[in-house]
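Q: Sequence:
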Amino acid sequence: MVDEHKAHKAILAYEKGWLTFAIVMLVVFIALIAYTLATHTAGVIPAGQLERIDPTKVRTEGPWADPTQAVVQTGPNQYTVYVLAFAFGYQPNPIEVPQGAEIVFKITSPDVIHGFHVEGTNINVEVLPGEVSTVRYTFKRPGEYRIICNQYCGLGHQNMFGKIVVRE
1 MVDEHKAHKA
11 ILAYEKGWLT
21 FAIVMLVVFI
31 ALIAYTLATH
41 TAGVIPAGQL
51 ERIDPTKVRT
61 EGPWADPTQA
71 VVQTGPNQYT
81 VYVLAFAFGY
91 QPNPIEVPQG
101 AEIVFKITSP
111 DVIHGFHVEG
121 TNINVEVLPG
131 EVSTVRYTFK
141 RPGEYRIICN
151 QYCGLGHQNM
161 FGKIVVRE
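Residue numbers (UniProt numbering): 1 to 168.
Accuracy of the hints is not assured; some may be wrong.
Unchecked claim - Within a straight-line C-alpha distance of at most 30 Å, the following computed DSSO-like cross-link-like pairs (lysine-lysine) qualify:
1) Lys16 x Lys6
2) Lys163 x Lys106
3) Lys106 x Lys140
What the hints assert, rightly or not - Computed beta-carbon distance windows for the label pairs:
4) Gln158 x Gln73: 30 to 38 Å
5) Gln78 x Leu26: 41 to 49 Å
6) Glu144 x Ala38: 21 to 29 Å
7) Ile113 x Gly17: 43 to 51 Å
8) His8 x Asn122: 50 to 58 Å
9) Glu15 x Thr121: 44 to 52 Å
10) His117 x Pro76: 25 to 33 Å
11) Val24 x Arg141: 26 to 34 Å
12) Glu131 x Leu155: 21 to 29 Å
13) Asn77 x Ala31: 23 to 31 Å
14) Ile30 x Glu102: 35 to 43 Å
15) Glu131 x Ala31: 43 to 51 Å
16) Thr121 x Pro76: 41 to 49 Å
Since the hints were derived computationally from the structure, they do not count as laboratory data.
From a predicted model like this one, the values you see are computed outputs, not experimental measurements.
No residue lacks a Cβ here, since even glycine has one placed at the ideal position from N, Cα and C.
Put together the whole structure using the sequences plus the hints.
A: Encoded structure:
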């Protein structure tokens, strides 16, 4: 009977140890989530500030209508590129930008959801009709970068590619 009592106490201590560990880990995880929310929300677009457009007029009005005027210099070594993702291509194509310049891509779609992923970079944006996806990037190396649609957008999706040419 005494051995049984010692074994029961040992099991209780073992269970209390694991329960304490679980509670401590829960508190640590909640603290990490709170820290992340407090410090890593600077890049999030505040409610009401999302840039929207009429997808039925995007091909005829505004900066996406003329692909020859899609790359606009907005400051010293700064450019804005207006990209239209449509079934099954990108406009303009190719996109030519200088090496080392800050490029702001403003991407939208007139038809369905598309992706805008630039190989070899961390550019990976979902493009929704009626909304403007904005991403900034500086190409440090010259060369050609392939744009891939990584959202299934229809039967010709597998052929939807574009190209960015970064010149010195």
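Q: Falls inside 21 to 29 Å, the C-beta gap from Glu144 to Ala38?
A: violated (40 Å)
Q: Are the Cα atoms of Lys106 and Lys140 separated by 30 Å or less?
A: Distance ~20 Å between Lys106 and Lys140 Cα, so the pair holds.
Q: Between Lys163 and Lys106, is the straight-line Cα distance small enough, at 30 Å or below?
A: holds (16 Å)
Q: Compare the distance between the alpha carbons of Lys16 and Lys6 with 30 Å, and conclude whether the hinted pair is satisfied.
A: Answer holds: Lys16 to Lys6 is near 15 Å, not above 30 Å.
Q: Range hint 50 to 58 Å: satisfied by the CB atoms of His8 and Asn122?
A: Given range 50 to 58 Å: holds, Cβ gap about 56 Å.
Q: If you check the beta carbons of Glu131 and Ala31, does the distance land in 43 to 51 Å?
A: violated (34 Å)
Q: Check the following: the C-beta atoms of Ile30 and Glu102 are separated by a distance inside 35 to 43 Å.
A: holds (37 Å)
Q: Between Thr121 and Pro76, does the C-beta distance stay in 41 to 49 Å?
A: violated (23 Å)
Q: Is 21 to 29 Å right for how far apart the beta carbons of Glu131 and Leu155 are?
A: For Glu131 and Leu155 the Cβ distance comes to about 24 Å; the hint holds.
Q: Does the Cβ pair Ile113, Gly17 satisfy 43 to 51 Å?
A: holds (50 Å)
Q: Given the hint of 26 to 34 Å, is the C-beta distance from Val24 to Arg141 inside that range or not?
A: The hint (26 to 34 Å, Cβ to Cβ) is violated, given that Val24 and Arg141 are roughly 46 Å apart.
Q: Holds or violated: the 25 to 33 Å window for the beta-carbon distance between His117 and Pro76?
A: Holds, since His117 and Pro76 (Cβ atoms, about 29 Å apart) stay within the stated range.
In this structure, the earlier hints numbered 6, 11, 13, 15 and 16 are contradicted, and the remaining ones agree with it.
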